[in-house]
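Enquirer: Chains as they are written, first to last, in this note's numbering: chain A, 1 to 144; chain B, 1 to 372.
It should be emphasised that the hints constitute simulated quantities derived from the structure, not laboratory data.
Worth double-checking, as some hints may not be accurate.
For lysine-lysine, the following DSSO-like pairs were computed, each having C-alpha atoms within a straight-line distance of at most 27 Å [to be verified]: (1) Lys-102/B x Lys-53/A; (2) Lys-102/B x Lys-81/A; (3) Lys-53/A x Lys-346/B; (4) Lys-53/A x Lys-64/A; (5) Lys-162/B x Lys-62/A; (6) Lys-162/B x Lys-92/B; (7) Lys-92/B x Lys-102/B; (8) Lys-346/B x Lys-62/A; (9) Lys-138/A x Lys-88/B; (10) Lys-92/B x Lys-53/A; (11) Lys-64/A x Lys-162/B; (12) Lys-102/B x Lys-64/A; (13) Lys-81/A x Lys-162/B; (14) Lys-102/B x Lys-88/B; (15) Lys-17/A x Lys-81/A; (16) Lys-102/B x Lys-34/B.
Just so you have them, the derived chain A footprint on chain B, three or more residues with Cβ under 8 Å [as the list claims (entries may be wrong)]: (17) 31–40; (18) 62–69; (19) 91–99; (20) 257–267; (21) 312–319; (22) 349–363.
Glycine included, every Cβ here is placed at the ideal spot set by N, Cα and C.
So you can see what is in the structure, the chains are spelled out below.
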Amino acid sequence: MYLVCLHEVFFNFWIDKGVTNQVLENYFPILLFIVIGLVLGVSMIVIGFGLGKIMGHARPYKAKQSPYECGFEAFENARIKFDVRYYLVAILFIIFDLEIAFLFPWAVVLDEIGMAGFWAMMIFLAVLVVGFIYEWRKGALEWE
Amino acid sequence: MEWIRNNLITPLVEQLFPAAVHTHAVFTIETVFKIAVIIVPVLFTVAYLTYAERKVIGFIQGRIGPNRVGFFGFSFWGLGQPIADAFKLMFKEIIVPSGANKALFIAAPILSLAPSLAAWAVIPFGDTLVLADINAGLLYVLALTSLAVYGVIIAGWASNSKYAFLGAMRSVAQIVSYEIAMGFALVGVLVASGSLNLGDIVAAQNGSMVHWFWLPLLPLAVIYFISGVVETNRAPFDVAEGESEIVAGFHVDYGGMAFSVFFMAEYANMIIIAILISVMFFGGWLSPFQGILPDSVFDVPMIGTLLGEGIHWLLVKTSFFLFMFLWIRATFPRYRYDQIMRLGWKIFIPITIVWLIVVAVMVVTNMPWWFD
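Next up, chain A with everything else stripped away, as it sits in the complex (with noise of 0.2 Å):
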C-alpha cells in the first residue's frame, strides 16, 4: 500500500512539472529500486539482531563490547590524528572529478560538435595536464 502511495506521489509530483508519463515510467523503478535496496538492508540488520539476541545468547559485558585490538585493553582514543595526505588525496580527488563530470556532456555530443568541440576540451585537458604536472613536481602525489 505504501508503495502504491509512493508512485502516486512520485507520478502526480512530476507530472506537474511538466515531465511526460513515459520518463517518469522508466525512472520510477529505479526509485523503487533504491527504497528496496534500502529496506533489504534494513530488514538484513533487523533479523541478525533479533536472531542474534534469541538464538545466539547475547550477553554483553565489558570486556566484550571493548574496541577490537588484539585482545589487549584499548588505550586512548580511536580518534587519532591522520596523515595530511589522506586530506590531500580528498581535495585533489575533487579537483579531478570535477573534472571528470564536465568531460561527461562533451562526450556524449562529440561526434555532433565535431572539431571545434574537440579543440575547445583540447585546450580544457592541457590546462588539466598543466596542472597535474604542477602537482607531481610538487610532491602532492609522493607517498614515501
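Got chain A sorted already, so can you dock chain B onto it with the hints?
Expert: What follows is chain B alone, placed relative to chain A:
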C-alpha cells in the same frame, strides 16, 4: 510479463485496492516483481561466488576447498556451504562496541548494501531486457558505485577502533584515487559510443568481436578492470583489510549479520564491475560468433539461439571476469600502500588522459571499423 500482469497482478489488485489507484498499483507491483527477479539471482550469485572463490583458490593452491556441507546427507562437492554460512551468520550475536557511535555503526552496512543493489536497476541484460531504460544510465551507475565509499568511512569512524579507523582511511583514499582513473575510462566509453544509455552502448558495439570496444579502448578496459579490483578492496589491493597488519580493516568490529551485509555489498559490487566491463567493453549480450559465422547459422533453431546474441553471452562474459577477480587474488602478493597510490595517480591517470585524447581523435576523424 504480459501473462503475469493480466492473470496474476491485475486480479490481485482488483481484490485489494480501491479502483482509484488501480493503474498505480498494477505498475508498482509489476515493478516490484521485476526487481525481485533481479535481486534474488544477484543474492544467490553473491552466496555462490563466496563458494566459487574458496573452491577456485583451493584448486589453484592444490587443495580441495569446502567439500563437506551438502544436502540430504550427500555432500555435492560442498554446495551447501554458502547456505550453512548464511544461517550461521544470521544466528550470531551482533556486538555494538560500547565506545561506538551506535546509529552510524548500524547505518553503515545498510548504506553500503543499498547502493550496490540499486545500481542493478539500469543494467541491460538483453536487447529489451532492462528494468529502467534511462538515458543517464552510466551516470547513475557511476554515482551509485561511488556511494560505496560512505559505508566504508562511516563504519570505520563509528566503530571507534584504531584498526577500523586506519582501514577506513586507507580504503577511502584508495577508492577515491582510482575513481578518477575509472571516471576517465568511462568518459572514453562515452566518446566511443556517444551515449550514456547502457543499452545504446552495447548497440554501438554491434558488428563482430573486433567491433567491441575492448580493441579501440584496450588500455581503458584494462585500467577499468584493475580499478574495479581496487574499488572493491580485493586482493592484491586489499591493504584496507590486510589481515597481517590491521586485521580486517573498517569492519573489524562487525559481527554476525552486520558483517555479512558488508560482505554481500562487496561481492555485489564485484559482480557489478564484472557485468559493467562485459557491457561497456565486451559487447554485453552480443555473440562473439557474430560476423564470423554466416548469418544463416543464427536462423537455425536451437543452435542459432545458442550461438546468437542473448543474455547467456552476458552471463558467460560476466562469469569470466568474476573468475579473473578470484584468479588475481590467488596469484598476486599484496601491494604496498605507496605502490597502490603511485599506480593510481602516476600511471593510470596519465594513461587514461592520453588514451582519451586518442579515442577523441579516432571519433572526430571517423576512423574506419569502429567509428565510421
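Enquirer: Hint compliance check: list the failing hint numbers for this structure, sorted ascending.
Expert: 3, 8, 9, 15, 16, 18 and 21
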